[in-house]
Amino acid sequence: MLTLNNISKTFNKGTVNEKVALQSLSLHLNPGDFVTIIGGNGAGKSTLFNSIGGTFLADTGSIILDNTDLTFLPEHKRAAYIGRMFQDPLKGTAPNMTIEENLALAYLRGVKRNGILGLTNADRIYFKERLAALDLGLETRLKSKVGLLSGGQRQALTLLMATLVTPKLLLLDEHTAALDPATAEKVLALTKKIVADSNITCMMITHNIHSALQLGNRTIMMDNGQIILDISGDERKKMTVEMLLEKFRQKSQKAFDNDRILLSTAADK
Amino acid sequence: MSLLAFRGAIEQGMIYSLVAIALFVSYRILDIADLTTDGTFTLGAAASAIFTTFGTPWLGLGLAVIMGAAAGFVTALLQTKLKVQPILAGIITMTALYSINLIVMGGKSNLPLMKKSTVFTFFETLFGKNYGKLIFIVIVVTLLCALLAFFLRTRLGLSIRATGDNKDMVRSSSINPAFTITIGLMLANAITALSGALFAQHQQFSDISLGTGMVVVGLASLIIGEVIIGTSTIPRCIIGAVVGSIIYRIIIAFALNTNISASNLKLVSAIIVAIAISYPAIKEQIAFYKLRKAGRNHVNTK
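Chains as they are written, first to last, in my numbering: chain A, 20 to 288; chain B, 27 to 328.
Isolated chain B, as found in the complex (with noise of 0.2 Å):
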């Protein structure tokens, strides 16, 4: 691979971690597998885009980010007081984000954004072509982690993750969890459509099927990060999370590398979802045979 192939990849990397650390505000923290995902990808990539063909990309991200967290919004609205199953929520909210993405950009389905100036182009002629997307990249996503971190320990970030963990208690404990909810998914979503936002301008384009399978590649790479960095702390969960992204990319870099054509992309992405989510599973399976095996040897030496 290329080094121009490789940078590709961490950047890329990068953005999309963003996604893996929503899902583990919603999925791993809130314990809700929510599908709004897809959607509000595209979202945060069609806001992004259509202002930076009006030539306000800062704009678009900041807009992007707002419009994600109204998504979450409906989500838990439908969740909390609605009383609606998780993942119908999130697929009801997806669903109705397929029609508003499309108003978004337009009525079009795709939108190029070439020789539009992106809030990258800024950071190029700051820091150079070849590593100004990079560091600014790095800059947001890390700036991101911290503050997520930080949040995480404030009394509402406790509850919130109370909220996931055993919802007897915090009902108990004065919590609201409607509220805790509602405040979960709007975090999540809102970083999931920044996350479209910059893919948007990074790539110079954003089309209507951007999200398609979002949720699925974004645990995927949450779930590599956890088996790689572990999940002992709040803060190694979130670095997991960008680590287990990128180094999804640089598997999916490296496939596209060999003969591998980019229509059976899709497969080799799901190959590793599937692998990388019943992990867990396969392991314990493992561990079950060889304890089995111990057992009837023990028998048979006796």
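Next comes chain A alone, as it looks inside the complex (with noise of 0.2 Å):
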């Protein structure tokens, strides 16, 4: 479904702030693939997928989608197969349109339509419907105003966008950390449902090694720009968070110092 050939991405070259981000990275993701994605600060796991959403061209490689050759695919267009959720609630919606408007919107996403205006009463029907099924009283309000949602309601909307059209890669970036846990639990299970009901190909990062390992089929390790461990099948459904912090400290030579995983890594124990 997806593949990455070869991708680097430094910033800054050539200055004393120059950073490498990613490292000749290759990575292959079958149809259906939910892969989670963790690793210390900088990483390079928000590097990744920005590479792969289009924000910046990487420096190397290709990214081919589906058959779709991506790499100089300016970001909208990418948009047209991507969904992407990032950590702040404020980034995925339009604060001051109607629930309804930003459906609208997202409705557009890759996908002719008959008719000028932006929302039909057909529309309207089907965005109360899939509203209805994340049940956080949402249909009710198709005339409100985004920015009154609370940061659960924008983000659990947003995911709503992300999928409304099915899209052929959905990319999370830690979508659940800035909420509360009850509203994150809330998220991600609903993450969980639209997934496996659209059978999307997905990559989450996540700083809970608990729910790295939980969901989805296969996890990446990362770090310093490069994948430094890929576990799937028996392997992964044998691994503890203990066994993955070994794994970690083998392969890169340090201790694991993504103080957002140790800290809920702690607290889960």
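By construction, these hints were calculated from the structure, which means they are not laboratory data.
A couple of the hints might just be wrong.
Straight-line distance between alpha carbons at most 30 Å, and here's what the computed BS3-like set of lysine-lysine pairs gives [what the hints assert, rightly or not]: (1) A:Lys205 with A:Lys38; (2) A:Lys96 with B:Lys193; (3) A:Lys164 with B:Lys134; (4) A:Lys32 with B:Lys107; (5) A:Lys32 with B:Lys109; (6) B:Lys309 with A:Lys131; (7) B:Lys193 with A:Lys162; (8) B:Lys309 with A:Lys164; (9) B:Lys107 with A:Lys211; (10) A:Lys110 with A:Lys187; (11) B:Lys155 with A:Lys131; (12) A:Lys110 with B:Lys141; (13) B:Lys134 with A:Lys110; (14) A:Lys205 with B:Lys193; (15) A:Lys211 with A:Lys96; (16) B:Lys109 with A:Lys38; (17) B:Lys193 with A:Lys212; (18) A:Lys96 with A:Lys38; (19) A:Lys273 with A:Lys205; (20) A:Lys205 with A:Lys257; (21) B:Lys193 with A:Lys32; (22) A:Lys110 with B:Lys309; (23) A:Lys187 with B:Lys193; (24) A:Lys110 with B:Lys109; (25) A:Lys96 with A:Lys147; (26) B:Lys107 with A:Lys147; (27) A:Lys96 with A:Lys162; (28) A:Lys131 with A:Lys164; (29) B:Lys193 with A:Lys38; (30) A:Lys38 with B:Lys107; (31) B:Lys107 with A:Lys131; (32) A:Lys162 with A:Lys212; (33) B:Lys309 with A:Lys96.
Here chain A is said to cover these stretches of chain B; the calculated rule only asks that three of the stretch's residues, wherever they fall, bring their Cβ under 8 Å from a Cβ of chain A [as the list claims (entries may be wrong)]: (34) 129 to 136; (35) 179 to 188.
The beta carbon of each residue, even a glycine, is placed where N, CA and C say it ideally should be.
Could you use the hints to bring the two separately framed chains together as a complex?
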């Protein structure tokens, strides 16, 4: 489904602030794969997503998604195939527009429609149905401005928007990290359900090693712009949080330094 | 104030309201302070005036709109493709327009249209001297408001609104912000030019300095409208722009009616503008003082 060949990215090349963010990274995803990604601070996880999503072009390599070469496509054209969610709930929705208008915008993605109106009654019925499935009571608030919603509601809405037109690839960058634990749990459950229902190929960055091992069918560990561990199948099923941290120490010759990961690991115990 | 002066204020207010509507599109929807406005207003007036002297006032209106859209396109191009800061992009186009406007007016800085037949004379013969002009202006403004409200509900309209609201989100929903900004600025400047075009034929002259300060006046009108009519829906915002503009003109007419001389008019405008634009900040400040006072009283009573 997704093939990355030799992706490299260096920021501020030739200056004292030079930072190698990705080093000849290659990765292949099968259709329906749900990959969780963990790694220390500055491991290159978000840079990887930004390269795939087209926030910037990679210095080397190619990106192929379902036989489409994305390598040099601008961000808004890639968005026709890729759904994205960020940690910040404010990033994914337009606050001064209503819930139905936000959904209507998401509904435009990569699909040609008849007529010129952005929002028809048929759309509204469909949006209501999809909102009801979120079970947050948003289906009765179609005409509310999104700015009035809570962070969790906005993030759930963003999730719905990212998957309203089924994307070929869904990129989730710690999309529950800014939410309170109960809401995060709920959004994560919704993510699981939507991804499974539409069989979406998905990559998720998380700082929660526990959920990294629980969710999806494959886990990747990144360090220093490279993939240092890639586990799936039986090996992954037997893996525990402690074993994974030990693996990291072996592979990278250093202790795990993502404070948030360590905090959440400690909290789980 | 005489009825004649009052009617004149309403007529002018409605013509200027198109500038406020244009700024609603660029400033409020796209979140861009588009300084092209000053130059575009004069451009519209110049095109309209010169074609009126040729005896083709209707063509003048049409060409003004097209030229206004072209000016908006240049500003948008500078901003989106050439990465000039939005404010500077507007200033660059506005400066260039000064020369272009002089060229359009045939090298003259002032173009009188006395005794020329304008689009207004047509409506005066139709509906009478008293209300002919007003009827025509009301028709134009109503039509434009309705079209704009409809346009903002279309797919393209929604995309333009989202562009000003959250650029991050727009890119990830496969909308090209460069495209939506371009369409938005072309639309806004076309409307501004139409305002200038109507103004020239209504006041029967065009002048190179007509547009000076227009962006400030338009913003003031827009904000007066927002305070009075509210901003909860798009139609409300558009109607607010018209109402705000008319109120602004009535205030100016009253100011002229008192002992303030015409040379002080800019000062009066600036004060009105400063108060109107800083209204939300002043309101916030007052709320803060009230809160602090209540807090202190609370402490004192304990």
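Hint-by-hint comparison with the structure:
1. A:Lys205 with A:Lys38: Given pair lysine 205 (chain A), lysine 38 (chain A) is violated - Cα atoms ~36 Å apart, limit 30 Å.
2. A:Lys96 with B:Lys193: Roughly 15 Å separates the two Cα atoms, so the pair holds.
3. A:Lys164 with B:Lys134: 51 Å, violated
4. A:Lys32 with B:Lys107: With Cα atoms ~24 Å apart, lysine 32 (chain A) and lysine 107 (chain B) stay inside 30 Å; holds.
5. A:Lys32 with B:Lys109: 22 Å, holds
6. B:Lys309 with A:Lys131: 46 Å, violated
7. B:Lys193 with A:Lys162: 22 Å, holds
8. B:Lys309 with A:Lys164: Holds. Lysine 309 (chain B) to lysine 164 (chain A) sits at ~23 Å (cutoff 30 Å).
9. B:Lys107 with A:Lys211: Status violated; Cα separation ~40 Å.
10. A:Lys110 with A:Lys187: 21 Å, holds
11. B:Lys155 with A:Lys131: 51 Å, violated
12. A:Lys110 with B:Lys141: With a Cα-Cα distance of about 58 Å, the restraint between lysine 110 (chain A) and lysine 141 (chain B) is violated, given a limit of 30 Å.
13. B:Lys134 with A:Lys110: With a Cα-Cα distance of about 51 Å, the restraint between lysine 134 (chain B) and lysine 110 (chain A) is violated, given a limit of 30 Å.
14. A:Lys205 with B:Lys193: Cα-Cα ~27 Å, so holds.
15. A:Lys211 with A:Lys96: 26 Å, holds
16. B:Lys109 with A:Lys38: 26 Å, holds
17. B:Lys193 with A:Lys212: This hinted pair holds, its Cα atoms lying about 29 Å apart.
18. A:Lys96 with A:Lys38: 28 Å, holds
19. A:Lys273 with A:Lys205: 34 Å, violated
20. A:Lys205 with A:Lys257: 26 Å, holds
21. B:Lys193 with A:Lys32: 27 Å, holds
22. A:Lys110 with B:Lys309: Judged against 30 Å, a Cα distance of about 29 Å means the pair holds.
23. A:Lys187 with B:Lys193: Given that 30 Å is the threshold and the Cα spacing comes to 23 Å, the pair holds.
24. A:Lys110 with B:Lys109: At roughly 23 Å apart (the allowed maximum being 30 Å), lysine 109 (chain B) and lysine 110 (chain A) satisfy the hint.
25. A:Lys96 with A:Lys147: Distance ~28 Å between lysine 96 (chain A) and lysine 147 (chain A) Cα, so the pair holds.
26. B:Lys107 with A:Lys147: 39 Å, violated
27. A:Lys96 with A:Lys162: Given that 30 Å is the threshold and the Cα spacing comes to 29 Å, the pair holds.
28. A:Lys131 with A:Lys164: Answer holds: lysine 131 (chain A) to lysine 164 (chain A) is near 26 Å, not above 30 Å.
29. B:Lys193 with A:Lys38: Answer holds: lysine 193 (chain B) to lysine 38 (chain A) is near 27 Å, not above 30 Å.
30. A:Lys38 with B:Lys107: 28 Å, holds
31. B:Lys107 with A:Lys131: 26 Å, holds
32. A:Lys162 with A:Lys212: 26 Å, holds
33. B:Lys309 with A:Lys96: Judged against 30 Å, a Cα distance of about 44 Å means the pair is violated.
34. 129 to 136: Result for this restraint: violated, n = 0.
35. 179 to 188: Held - the segment 179 to 188 of chain B has 9 residues with a Cβ nearer than 8 Å to chain A, which meets the minimum of three.
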